[in-house]
Amino acid sequence: YRTGDRGRYLPNGEIEYIGRIDHQVKIRGFRIELGEIEAVISQYSGVRENVVVARNDSSGERRLIAYLVGEIEQRFILSQLRSFLESKLPSYTIPTNFVTLDSLPLTPNRKVDRKALPALDTIRSEVEETYVAPQTTVEKQLTTIWIQVLGFKNIGINDNFFSLGGPS
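Residue numbering for the sequence shown follows my numbering, beginning at 1 and increasing consecutively.
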């Protein structure tokens with residue numbers, strides 16, 4: 001049975017897991033096929049190209065990140081894009097972060113160079129979203145906890161814990 005996993009034998013006889021041959025990942029116990037997410041995102045109006053990757057955030061938690069290339073002068077409104085994806089995909093497959101780029105990096109063979117995509121902490125998301133700062137003591141306490149748990153710098157009162165990648 002071919003699992004799609006890549007590994008190698010170490011000198012001591014143990015097998016070291018290296019990764020997958022395909023673009024299937026496992027996050028919080030769910031097997032996720034990144035190509036399926038990319039196919040749905042490509043149906044969204046204004047998306048010319050996209051790629052989805054799984055990366056570890058600053059807390060070590062694996063998150064899905066979607067890199068988008070839009071049509072000319074296209075700006076994406078995060079809430080609308082999320083609603084579209086929620087109508088087509090299971091919640092655990094919806095990326096927690098969306099980043100717009102002018103173009104996707106390519107290998108010499110003209111395939112997307114996933115390793116050359118900018119790290120999440122080095123870029124600013126260009127996807128529009130409405131940020132509403134916490135006002136009350138309870139809102140401030142709750143968003144502080146979410147920031148610690150999820151590893152984000154800012155979380156507003158309208159943000160959804162599960163949409164941001166929070167586990168149940």
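Hints should not be assumed to be uniformly reliable.
What the hints assert, rightly or not - Quick list of simulated restraints, FRET-style, between CB atoms:
{"hint": "1", "residue 1": "GLU16", "residue 2": "ALA116", "range": "18 to 26 Å"}
{"hint": "2", "residue 1": "VAL138", "residue 2": "LEU78", "range": "44 to 52 Å"}
{"hint": "3", "residue 1": "GLY13", "residue 2": "THR137", "range": "55 to 63 Å"}
{"hint": "4", "residue 1": "GLU71", "residue 2": "ASN158", "range": "38 to 46 Å"}
{"hint": "5", "residue 1": "ASN12", "residue 2": "ARG48", "range": "26 to 34 Å"}
{"hint": "6", "residue 1": "ILE145", "residue 2": "ARG110", "range": "40 to 48 Å"}
{"hint": "7", "residue 1": "GLY7", "residue 2": "ALA133", "range": "18 to 26 Å"}
The set of hints was computed from the structure by calculation and includes no laboratory data.
Glycine included, every Cβ here is placed at the ideal spot set by N, Cα and C.
Outcome of range test on Cβ distance (GLU71, ASN158; 38 to 46 Å): Since the Cβ atoms of GLU71 and ASN158 sit about 27 Å apart, the hinted range of 38 to 46 Å is violated.
Is it true that GLU16 and ALA116 lie within 18 to 26 Å of each other by Cβ? This hint holds: roughly 25 Å between Cβ atoms.
Outcome of range test on Cβ distance (ILE145, ARG110; 40 to 48 Å): holds, 45 Å
For the hint 44 to 52 Å, verify it against the beta carbon of VAL138 and that of LEU78. violated, 25 Å
Confirm or reject the claim that ASN12 and ARG48 have a C-beta distance inside 26 to 34 Å. Violated: the Cβ-Cβ distance is about 48 Å, outside 26 to 34 Å.
Go ahead and decide if the range 55 to 63 Å is satisfied by the Cβ distance of GLY13 to THR137. holds, 58 Å
Consistency of beta-carbon spacing, ALA133 to GLY7, with hint 18 to 26 Å: violated, 47 Å
Consistency with the previously given hints fails for numbers 2, 4, 5, 7, ordered from lowest to highest.
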